[in-house]
Each structure stands twice: as C-alpha cells, then as structure tokens.
Amino acid sequence: VIAVVMDEPSGGARDGGQVSAPVFREIAEQILPELEVVPDAEIRPDVLRAEDIPSEIEPSAVPVNEMISGENETPIPAKNDEIGKKAADTEKPKEPAPPKKENARPTGDKKSVRQKTAALINEKPKNKSSGERTKGKT
Amino acid sequence: MAIVMVPQTGEILAMANYPTFDPNNYTAFAAENYINNAVHDSYSPGSVFKLVTYSAAINEGLINPDGAVDCGGGVLKIPGRQIVDKHCLESISYPEAMAVSSNIAAMKTGLALGRENFYNYVQKFGFGQPAGVELPGETGGILRTPKAWSGDSLPSMSIGYEIGVSALQMTAAFATIANNGFKIQPHIIKEIRSADGKVLSATEPQKVQVVTAETARALRQMLHQAVLTGTGKRARLNGYTSAGKTGTAWKYNPKLKRVDASKYVASFIGMAPAEIRRS
Chain A
1 VIAVVMDEPS GGARDGGQVS APVFREIAEQ ILPELEVVPD AEIRPDVLRA
51 EDIPSEIEPS AVPVNEMISG ENETPIPAKN DEIGKKAADT EKPKEPAPPK
101 KENARPTGDK KSVRQKTAAL INEKPKNKSS GERTKGKT
Chain E
139 MAIVMVPQTG EILAMANYPT FDPNNYTAFA AENYINNAVH DSYSPGSVFK
189 LVTYSAAINE GLINPDGAVD CGGGVLKIPG RQIVDKHCLE SISYPEAMAV
239 SSNIAAMKTG LALGRENFYN YVQKFGFGQP AGVELPGETG GILRTPKAWS
289 GDSLPSMSIG YEIGVSALQM TAAFATIANN GFKIQPHIIK EIRSADGKVL
339 SATEPQKVQV VTAETARALR QMLHQAVLTG TGKRARLNGY TSAGKTGTAW
389 KYNPKLKRVD ASKYVASFIG MAPAEIRRS
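Each protein sequence line maps, in turn, to chains A and E. Residue 1 is where the first sequence starts when you use our numbering, and the numbers rise one by one after that. Residue 139 is where the second sequence starts when you use our numbering, and the numbers rise one by one after that.
Just so you know, not all the hints are guaranteed correct.
[What the hints assert, rightly or not] For lysine to aspartate or glutamate, the following EDC-like pairs were computed, each having C-alpha atoms within a straight-line distance of at most 16 Å:
#1 E:K345 to E:E198
#2 E:K285 to E:E254
#3 E:K401 to A:D7
#4 E:K215 to E:E149
#5 E:K395 to E:E300
#6 E:K401 to A:E36
#7 E:K389 to E:E254
#8 E:K389 to A:E8
#9 E:K328 to E:E149
#10 E:K389 to A:E42
#11 E:K285 to E:E300
#12 E:K328 to E:E254
If you are wondering where the hints come from, they were derived from the structure by calculation, not from laboratory data.
So here's chain E without its partners, still in its complex pose (with noise of 0.2 Å):
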C-alpha cells in the first residue's frame, strides 16, 4: 500500500493498495482485496516508528540530537533477553544512529523517556486511536497502556513492536515532523459544493502541536541524514532533497506466538524537500 499526503493541509492526494480489485467486476476478485489496508489493516511498523521515540526525547529535552548516543560495545541487556547491535558498537551521532537504524540507540532513548512520558508521546502522535480520515472502517491501531505492559515492553516499543498502528497513521506521524511539528487530521474532502458551486461546508482539520518546530527540524536532519548515508539511499531523489525512514518489521507469527523473521513488513515513509535548511 502507499500513501500521499500533503503535510501542511493534511490532504490525502492518493491511497493504494495491491493486490486490487475492480469495483465494476469486483466478483472476479478474491474478497479480502475489497479491503482498503492502508487505513483498516494493523501492523507492526518496526524501525520507522524510531521517528516517534527521538521525537520524544528530544522534544523533552533528553537528548540533545546534535550530541552522540553510547551503545555500549553494541550489547543491550532488557529484561529478558540481550540485544546485539551491530551496526552501533561504540559512541556514534544520533543523525547516524538514525542513519544505520541501529536499535540499541532507538532503545536507550527510549528506555530514558520512561514508560508514561513515551507512552503520552505515541498517543499525541495518533497512536490508538482512528485517524479520523472520511473513510470507512478506519483502524486505531494497537496501543495498550503502560499497566498491560511487560518488562520489556518499553524497548520494544521504541524500535515499533508491541504495537499496532495503520499506514495512514504512520504517514500522519512523518507529516507532522514535515510540518514543524503540527499534527494535521488526514482527509479526503476538501469542500462540498452544491450543483451551482455554493460551498456548503468545507472541511477544517484539527491541528495539535505534537512536538516543537526545532525538535521536528532535527527529526527532519536524521531523516535526511538516513537517505543520504544510510538505510534509505535508495530514496534519494533527482532534482530534491528527501528525508526518510526504513522499516523492517518481522510479523508476529500467531502458530509460533512470536515474530517470524521469514514474513516481513518491508516500508518507507519519507518526504520531499526535505526542507533541512529553511525554517
């Protein structure tokens, strides 16, 4: 599925998804394609939700983003069990820590933010709760409370596991660092008209200021950092700047009540221009 949306508006400009159906011979298709993913399928969404978590800390005051993050020889021990990172063994930038994706970074941030002032962070961004986008059978995702949580809930959640969100918040979430932190309701109708063009309503979509203008303009310089160094080079533009995130996720496997590294959810959300140096 793919998603565009203009951050300052919050207009939906296109919804995809494949595999497909024709609404005018929609019985030649298999039912489940009737579905539209992007707003009702839940998913973990893995590394690009590391966007919400440096959010937070920096937004906080508890990370400084031009500072560097200690990943202590790449060995992070959570409740639980040990997480290996290789791609950060010793002290690296947090645009880089950004850049390479690496979890131990994404877990220590967290694991700073706390259980409480994480989680107020995730549900500010939309998390838990429908988007609010004119369309029918609109998820909210997955988002539990604290209390549910288990030891190692927090680090989890800081790499984007333990949680549920939908594509449409997850480009909510990108939009809102695209736009200097405001938070912008995703729609589809602009206005309605009448026959002989009188505006009968014209949609005004909320806006709630998640995080400061300064904490998204460095969210929007790791993001950068990570097309032009890191994970998402792939994404970098001709004739634009881009800034944006890769996301991995292994699928929970319900037979194996744990995620299976075979089935994946491979995504990228990012915008152009990046808009690093205005602002």
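Pulled out of the complex, with its shape left as it was, chain A reads as follows (with noise of 0.2 Å):
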C-alpha cells in the first residue's frame, strides 16, 4: 500500500487524482520490481513511465530518480531510458524560465516548480509514446 498525500499542492489542477496518483505510480513502478514482485499485467514498453515524467514533482523528496532508471529491471529499451534522461537534462536549465504551455492557463499565481509540473502531468498524452513525447520538448 502507498499513500501519497498532499498539503494545499498550488498551481494548475489540484486534486488528488492529477497530482498525487502520478506519483503513487511513480513510486509504485519503481519500488515493485525491487521488491521482486511479479508483474501480473502486460508491460507496456511504449507507454509513458514514471522515469519520463519530469522529476520536477519533488526535487529534493524524489532524487532517486536517474538512478533508478539504470537500475529498473523491467525490460525498457534503452533508447528510451537516454530520451528520458536528455529530456530531463534538458529541461532543468530551463527551470526558472515560464513553462511554454503555462500562457495557456492562466492562474494569476505565482509561477512555481510545483504548477510547472501539474501543468506538464496535465498535459500528459493518454496514449502517446514517450519518444513522441519528448520529441516536442528538445
């Protein structure tokens, strides 16, 4: 069982199921291969996965982020793995920066790292491929 819990999480969609599941999935996708639980759905390789979600979420609570994808036993081509990783190089510098996207909802807050994300998690395509994903951002 994990439980994710958020006190007053500001910016952009709010609720429990935009910004806390993504990262009960985040944990989850990472924590049941290390516990050698068996998977018992299909492995989609194609799909978004956690690793690929930008680690914006909790800087200094998430760290483990890159390690872990060298680690994840989960058969994920590599290739997609170096398109996360440069992704997310990619993006930190662009941190303090306004997120492109974020013109179109506009809050009236202060831009943050935290709206920046629900922005991104909001965005997330339902089914496209992470290589498609990324493919817009570099």
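Take the two lone chains, each set in its own frame, and fit them into one complex as the hints suggest.
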C-alpha cells in the first residue's frame, strides 16, 4: 500500500487524481520490481514511464529518479531511457523560465515549480509514447 | 508526505515528508520541517475515506457490491443543506460510484449504516487512536463520539469530513483491505539483535479482523475500477494491476469557520498488484 498526501498543492490542477496519483505511480513502478513482485499485467514498453515524467514533482524528495532508471529491471529499450535522461537534462536549466504551455492556462498565481509540474502532468497525453513526447520538447 | 507499507506484515518500508530538513544541519531549516507529518498531522481525508463507508456497509450486508445505487437525480437533502452530485444522476453500480467518487452514493451508504454502526467501523479501522508505530508524536486524529455529532455529521463523515486522520492511519485502513480484512499494526522495527546476532526481541504486531475477506475483495474490485475508469486513472501502472482512491479534501479555514475551497489536501492511496482475481 502506498499513500501520497499533499497539503495545499499549488497551481494548476490540484486534485488527488491529478497531482498525487502520478506520484503513486512513480513510486510503485520503481518499488515493485525492487521488491521482486511478479508483474501481473501487460508490460507496455511504449507507454510514458514514471521516469519520463519530469522529476520536478518534488525535486529533493525524489532524488532517486535518475539512479533508478539504470537499475530498473523492467525490460525497456535503452533508447527510451536515454531520451528520458536527455529530456530531463535539457529541461532542468529551463526551470526558472516560465514553461511555454503555461500561458495557455493563466492562473494569476506565482509561477512555481509545482505549477509547472501540474501543467505538465495535465498535458500528459493519454497514449503517446515517450519518444513522441520528448520529441516536442527537445 | 508519502508512506509505503507492506499490508501483510505491517512493515513500513518508507515514510517521507516534504519540505524536509538535514539532521546534520538542522538550524538551516525552518523548525516546522522537523515534524514527521505522516504520523503527526491530522487532516480531513475527503474521498479516500469512502473506503471505510463502503467497507462497513458491504460487511454488514446493507449493500450488495454487485448491485446499483440510485442517486435520485443527483440531489440529496441532508439536514441543513442539499448535496448536488453531477457524477451520479441516476442509478450506477457501486464500483462505478467509487470510480467517479460520487458523494451522494457514499452519503446514502453512510446513512444506511446509521450512526453507531458507522462509528464502530471507523473505530475498528483504527481511527481515533494512534496506529501504534514506534515513532514519537503520533496523533490519534480527531473522532467525536456520535453524541457530539450534528444532523449532517454522518453524511459528512461518510465522505471524509468532520474527522481528523493521520496519513499513517489512512494507510493502515487501505492495508486492511489489501490484506483481506485483517488490520496489522504498522511498525518500523522488525527485530532487535544483539552485537553477536542473537535476536533480543521480534515485533509481533497486533492483528485484528475488521471486515471479511469477501468484503475486502469487493472493495479491491471497486478501487480497481477507480484506477481503470475513474478519478485514479493516473495511477495505472506498467506491468502491474493497481487499485486505489483519490481524495481532494477542502481544508477547514479557522478564520471563515468553514471549509475553504481554495485550500486542498490532495491524496491518492492505493495498492498494487490489485489482486482481484485471486484470493
């Protein structure tokens, strides 16, 4: 059982399904292989993986992100990992600048890292591959 | 904050808080960051608490988890106010009610239970008293006895308001459902060994049956639906089935003396694998 509770998440979408569920997913997908839990569902290598979600969700609370991507036992093309890392690398320096898509949803609040995350999570396409997604970013 | 717990053993594998602090350099951080909010903080859980409401009603045989609930046009009158629920207008199945997080369906379920019955299950799930982990400063949350409830307390509590819980209590309640109805006392110490490896003491966590295995299975099915088609879609995993519930609770604003829709506690509590086929 994994619980994710956020007190007053700021900016953009703020409900449990939008901000906390993706964190559950990120934790679960890393921890279950680690605990040697046998997968009971189809593994979809083309799907947007937790590692590909920008790590800014809680920068200092989730420092294991990049570390794990190398150790993950789930069969996933190495290519994807590289793209993911590259995206993470290129995105980080941009952090202070307001994210492009942000303009589409004016909230009036101060731009924050969390807001950016929420916006990104919000835009996360339902069935797009990580390749498609990162293409747009880089 | 985040907690990872093994439901079968009660072991807490991880517990995290943010903002955090560095114990080696704690003076550089705000004092409120020292607090382990996962056990210390008491908050209104909101919709994740519907787990308790439905568990109780199914366990009491008051609702049939394969049946449907009629939301009466999406409007429910309760003492003092009227609840409007755009997610449930007519009759929907219980898994669907959980998936869309219908407030009226949960309130009707709570009302069907009645005060004492509902209160008993809330207690049995471990609310109102510390979960008993070996960590300092654990809160028991806030649970008033039915005598202190007002006219709309029962429906409010059915959807996770008018009650204060800790993240650990809420986690333990979900773990009870994951563990076929048995609540295991959460703990962080497995055993204590001496320097030469002799086991001095081993933790034997308390184990209490709260609901039947059958009820727990029905709940997992409902929680699985929430991840498949409902508010918890973003908790779908690659390679594993998952089940869980979202909660977005408005916070009480002491200045306004009512809940304030601009401040939320946003949560997701879930389990994987969902284990709906087995057991």
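Here is what the structure says about each hint:
1. Straight-line distance between C-alpha atoms of K345 of chain E and E198 of chain E comes to about 21 Å, which puts the hinted pair past the 16 Å bound.
2. Straight-line distance between C-alpha atoms of K285 of chain E and E254 of chain E comes to about 10 Å, which keeps the hinted pair within the 16 Å bound.
3. Our distance criterion of 16 Å between C-alpha atoms is met by K401 of chain E and D7 of chain A, whose separation comes to about 8 Å.
4. For a cut-off of 16 Å, the pair hint linking K215 of chain E to E149 of chain E is broken: about 43 Å separates their Cα positions.
5. At roughly 13 Å between alpha-carbon atoms, K395 of chain E and E300 of chain E fall within 16 Å of each other, so this suggested pair holds.
6. At most 16 Å may separate the alpha-carbon atoms for a hinted pair to count; K401 of chain E and E36 of chain A exceed this at roughly 39 Å.
7. A threshold of 16 Å between alpha carbons decides the hint, and for K389 of chain E with E254 of chain E the separation of about 26 Å lies outside it, so the pair is violated.
8. Between K389 of chain E and E8 of chain A the CA atoms are separated by roughly 9 Å; this keeps the pair inside 16 Å, and the hint holds.
9. Under the criterion of a C-alpha separation no larger than 16 Å, the hint pairing K328 of chain E with E149 of chain E is consistent with the structure, at around 8 Å.
10. Distance restraint check for K389 of chain E and E42 of chain A: the Cα-Cα separation of roughly 39 Å exceeds the 16 Å cut-off, and the hinted pair is therefore not satisfied.
11. A hinted pair counts as satisfied when its Cα atoms are at most 16 Å apart, and K285 of chain E with E300 of chain E qualifies at roughly 14 Å.
12. Taking the CA atoms of K328 of chain E and E254 of chain E, the gap is near 36 Å; set against the 16 Å cutoff, the hint is violated.
Of the numbered hints listed earlier, those contradicted by the structure are 1, 4, 6, 7, 10 and 12.
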